[in-house]
Every structure is written in structure tokens, then in C-alpha cells.
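*Asks:* Below are the chains, spelled out letter by letter.
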Amino acid sequence: MKSFRFTPALALLGAVTVVQIVTLATGKEFYLTQLTMTAYYSLIVLGLCLLMGFAGQISLGHAGFFAIGGYTSAVLTTLDLSAYTNTSPVALFTKLSVLTSRQDLYGHMVLNVHPWAACVVALLLALIISYAIGIPVLKLKGHYLAMATLGFGTIIFSIVLGTQRFGAADGISSVPPFPLLPGVSVSGNSPLRVLNYYFAWILVIAAMVLLVNLINSRVGRALRAIHGAEDAANAMGVDTARYKLYTFMMSAVLAAIAGVFLTHFNGGIGPSEASIMKSVRYVAIVAVGGMASLTGTLIMSVVLNFFSLRGYFGTLDDAVFGGILILIMLFAPDGIIGSDLRALLKKLVHEIRKRMHIKSQTTNSQ
Amino acid sequence: MALLEVNNISRRFGGLQAVNEVSFTVEPGSIKAVIGPNGAGKTTLFNLISGFLSPDSGAIVYKGLPIQGKSPYEIAERGLSRTFQHIRLFAHMTALENVMVGRHVKSRAGFIAGMLNLPWTKREEGEIRKKALELMGFLDIASLSHHEATSLSYGQQRAVELARALASEPQMLLLDEPAAGLNIRETADMAKLITRIRDLGITVLIVEHDMSLVMNISDEIIVLSYGQKIADDAPRAIQHNPDVISVYLGEDDD
Chain A
1 MKSFRFTPAL
11 ALLGAVTVVQ
21 IVTLATGKEF
31 YLTQLTMTAY
41 YSLIVLGLCL
51 LMGFAGQISL
61 GHAGFFAIGG
71 YTSAVLTTLD
81 LSAYTNTSPV
91 ALFTKLSVLT
101 SRQDLYGHMV
111 LNVHPWAACV
121 VALLLALIIS
131 YAIGIPVLKL
141 KGHYLAMATL
151 GFGTIIFSIV
161 LGTQRFGAAD
171 GISSVPPFPL
181 LPGVSVSGNS
191 PLRVLNYYFA
201 WILVIAAMVL
211 LVNLINSRVG
221 RALRAIHGAE
231 DAANAMGVDT
241 ARYKLYTFMM
251 SAVLAAIAGV
261 FLTHFNGGIG
271 PSEASIMKSV
281 RYVAIVAVGG
291 MASLTGTLIM
301 SVVLNFFSLR
311 GYFGTLDDAV
321 FGGILILIML
331 FAPDGIIGSD
341 LRALLKKLVH
351 EIRKRMHIKS
361 QTTNSQ
Chain B
367 MALLEVNNIS
377 RRFGGLQAVN
387 EVSFTVEPGS
397 IKAVIGPNGA
407 GKTTLFNLIS
417 GFLSPDSGAI
427 VYKGLPIQGK
437 SPYEIAERGL
447 SRTFQHIRLF
457 AHMTALENVM
467 VGRHVKSRAG
477 FIAGMLNLPW
487 TKREEGEIRK
497 KALELMGFLD
507 IASLSHHEAT
517 SLSYGQQRAV
527 ELARALASEP
537 QMLLLDEPAA
547 GLNIRETADM
557 AKLITRIRDL
567 GITVLIVEHD
577 MSLVMNISDE
587 IIVLSYGQKI
597 ADDAPRAIQH
607 NPDVISVYLG
617 EDDD
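Sequences listed follow chains A and B, in order. For the first sequence, position 362 (counting from the first letter as 1) is numbered 362 according to this note's numbering, and the numbering increases by one without interruption. For the second sequence, position 236 (counting from the first letter as 1) is numbered 602 according to this note's numbering, and the numbering increases by one without interruption.
Treat the hints with care, since some could be wrong.
Heads up, simulated BS3-like pairs for lysine-lysine below, C-alpha to C-alpha not over 30 angstroms straight-line [stated by the list, open to error]:
#1 Lys-472(B) x Lys-558(B)
#2 Lys-141(A) x Lys-497(B)
#3 Lys-139(A) x Lys-558(B)
#4 Lys-436(B) x Lys-497(B)
#5 Lys-436(B) x Lys-139(A)
#6 Lys-429(B) x Lys-141(A)
Stretch by stretch, here's where chain A covers chain B in the computed footprint (C-beta under 8 angstroms, at least three residues) [what the hints assert, rightly or not]:
#7 429-440
#8 601-610
In short, the hints are calculated from the structure, not lab data. Virtual Cβ for every residue (Gly too), placed ideally from N, Cα, C.
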């Protein structure tokens, strides 16, 4: 156990700060935009790591929860209710600041749901839907569970792609900033870039602290027991169904939070965020980072998401993640950043030594 | 009052009547064995009592309350613990962590408390660890705490599973073939261990094939055959029971 338990969190904060300063010094501040997006995508992946690596439940539909968060927020904050200003519920909500007036892109006054209220609705929706889906689906195991979650993701994708209200193929744009404090809001506004970067990464650090605490607690142990031998965990008094459900719901809410804030940061959301390609990407990152390693998953998330967002993978973006999944399953199912890496490295060093020894022997004999 | 009452329990799987109107009681502080040829219904009976199966009919009463049809975790909460015939330790966890999970019903920290790592949660963790280590000491496996549980030898894994089952401080322990895969010396050690557990005040119900262990330590023995109870008596009487003898050795041909 750590002697000062906030050390890892502070170290992460330190790393985040160093990176920001480096981008400033090297004139690459625009990297902060992709790094901010990376932070939000990492939230999804961390929740998925808890679900897959620790509770042992696969989800091939997690982009669906991201979309539930993002689209709910996008729809509510761009839905103009000014036509109903005279009705009592609208008047009441306006008074309670649940609804807020602002000027849209064209200079018109519109009445939308306040981003905070929209966020609450989005998260509640994620909780309710993950609860409803989770109860039947978590009774399934292995590929049956995978297929059921795949089905869920497909449903969400079809809904957002096919519904006019959700912008269909174009998605929803001109999503307003999410105000946090006076003068500070989550948006793509250049002057706020540094603040947005820190906000996103503070969310990630907070999530890491909570998740690491959970893993090392009684519940974390119970989750790992469920993963290790579910029937035996049950026999030892662990309510496996409830624990799996709560973990599923937690990971869904993390994805939804990412959806909400990333949508406001980007100023919009499109159906591709709900696609199976995204869900596969998230699973690939958890797999390569080490199923049961939050740190490993975070590291791989930063590397892969940043490269992807910077366009380094070009048009083969999705193929990269698909390829990663295949390679990891074949060669390092426990992820790269795990004891397998040490074992792999040892083997590699051993092989090299062997060859060097043989080489020096043949040289000596000459 | 009997600690465990099994009343006319029945369970069929398709065309096979695995357990057929079996009734018996287990008195507190005793060691009772369930024996019978393979296919007699012993494992099904254990799974019915521990909640992995629901009976088609009949009742199971533990500490005066019905438990038939309840989930395994609810039954564990009531103070009835079990081990498995084919050892089921938690993979990717150390021996100590395995035993600490056994302490689950005696601890409370949930999701929120776990995430926030509150002071009372840390204290509880310390207690869980301490108790788990004590139990491993009782079974002489304390030195194995930090080994990955599934990397231990067979006999050591059995001990870890036993410590895990004891960690919940159950009033009754179901042992599913505790001597399976053990040699003569290890079986004798296991027999001694079971009596030590009984001496702690824990009632034991064992399914076992090893007759030396069964005859040596049981207070009472039930014999099952084709899902039915054919005898329920003290070891001496069972040994001379003609029905039991014919079930194991077959009928005389003349």
C-alpha cells in the first residue's frame, strides 16, 4: 500500500502539467485540443477496463452510452423552446434556471435547457438504460454477452442515425458551451483551450483515484472473484448479479459523462460516435493496455487516441484498432503493459544473448 | 433443534430423478457424511442445500428458516458455507486475497465507501486481512499468503479453499469430497483437520468416497443410492447394513 495515497494522482497531475508546458514551449499548443479529447475518450476506456478487466464482463456496445450522454445533452441544449415561453412548465423551469436564454449562431434569441440540467438528464438516462439493459444481459456469459451488448450498440447507432430530431447522418452541431464557473466553460473556444485541457484531465485523475480505490477495496476484490470463479464468489456471499450490474452502470455513466463534455467541447456530435467501430476501438485499447491494469489502459488510451486524433493512422484508423485486437489476442492476451511484457522482454533478451554467444563462439573458433 | 433439516427434497433432470424424497437432519456440533456410489445424487443434494439448484419439491430448513430455492450468496449470508469438489479458487488472486473474499459476508464496505476509501473502510480492510491471516495460520498455510492461489500445489489449494470457506465464520460447513486427490497421509491430516473444525463448534456435512475418513470421523452417515436415502445411522451400523453392502458390493449371486 502507498505511504502517501495521493502520490499517484499528483504524479499524474504533474505529468499532465509538464505536457502542457512542453506544448507551450514548443509552440504546439494546438496539441492540447487532441489531448483534451483524448482525456474524455480515456474516461470511457477506464470504465470499460473496470467492467472487462476486473468484473470480467465484455461490452461491445459502450459507444452507445457515450452517445446517450452526448446526444441527450446536444438535443436538450439546442432544442428551442421559445415558442412555449407562455406555458407554465416552461415558465417555471426558466425561473429555476433549468432553461436558459441565449443567442444562437444567427443572432436569434433561443430558449434551451441549461447544460447542467441537460447533463443531469443525460446521466440519469444512462443510469436507467444501463440498469434496464444490464439486468437481463448480464445473466449471459462470454460471446453471448458480447453479442447482446453488440446488439445494444447497434440499436443506439440506428436510432441516432435514423432520427431527424437527432440530426440523422449530420448529427447535431452548434452545441453551446458548458459553463462551469464564471468565465470558464467547456467549449472549443481557443482562449479557453488550456483551461479545458486541465478540466478534462482533472476529471480523468478523479476517475483514476476513485477506480483505483475501488479495485483495492472489498468490492474490487469481490469483482475480481466474480471474474475468477463466479459460482464460488456467489457461494462466498457475493451478490454477483448486483455487483455486475452496478459495475456495468458505473462504466455506462463514465462513458456518458465523456459524451456530455466532449460534445460541448467539440460543439457537436455525430452518429459515428455511436458506431460499432468506436466500441471496438475502446475494447482494443483496454485489451492492449492490459485487461486488469487501469494504468496500462490509460497509457495506451493516451498514445492510441492521440495518434488517431492527430490523423497519424490516416484512413486506416479503424483498421489499426481492429489489427491491434487481433495481435493482442494472439500474442499478449493480458495486454502489453503487464507481466507478459516482462516475460516477452526476458525472452527477447535471452534470444539475443544466445545469438551473440553463438556469434562470439564462431568468431573465436576462427 | 436440528441445525439443518432436509425434508422430502426431490429434484429431477429431464427423465432422471436425481434426488428422490430425501429427508434427514444434522445436529449442531456433529459431523455427518453422505456416501453412496457415483450417480447416487450426492452432488445434486449438496447443490440443492447450498442454493445452486432449486428443489422440485420439499423443503430445506437451516437454523429454523427455509433456504430451499435461495441464491447461494443468501445462504452464505445465513451462515452456511461450502467447498467444491473440483477446487474453485479465484484465478489471478493471491491465496490471501482468496481467503479475504471469504470474509465478504462479515464486512460491509460497498461501492461508494470503496471508491472514497473512508477511514472506517480502511479499518475494516485491516480487520479482514488480519482475520484471513489468522485462518491461514490455523491451517498452517500462512506462508503461502502472497502466492498466486492457482499456482499452489493441489493439497495447498485445498487448504486455501477451506480457509476461504471458514472465513465467513459459518455455523455449518459443506465439504464436497475434501479428500479427493489426496494420498493416505494427506487424507489422515484432512480427517484430523475436520475434527478440529468441529471442535471449534462448526457443524460439518461431508460428501466423501474415502471410507477410512468417513468411518473414522463421522458421527452419522447417510447412504444414497439412485437418488434415495437407504440408510441413516452411526458408522458401525452402516458398516453392517445389508442394503448398504449390496449397493456397494452388489448382490450375492446365490
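*Asks:* Which of the numbered hints above does this structure break?
*Replies:* 2, 3, 6 and 8
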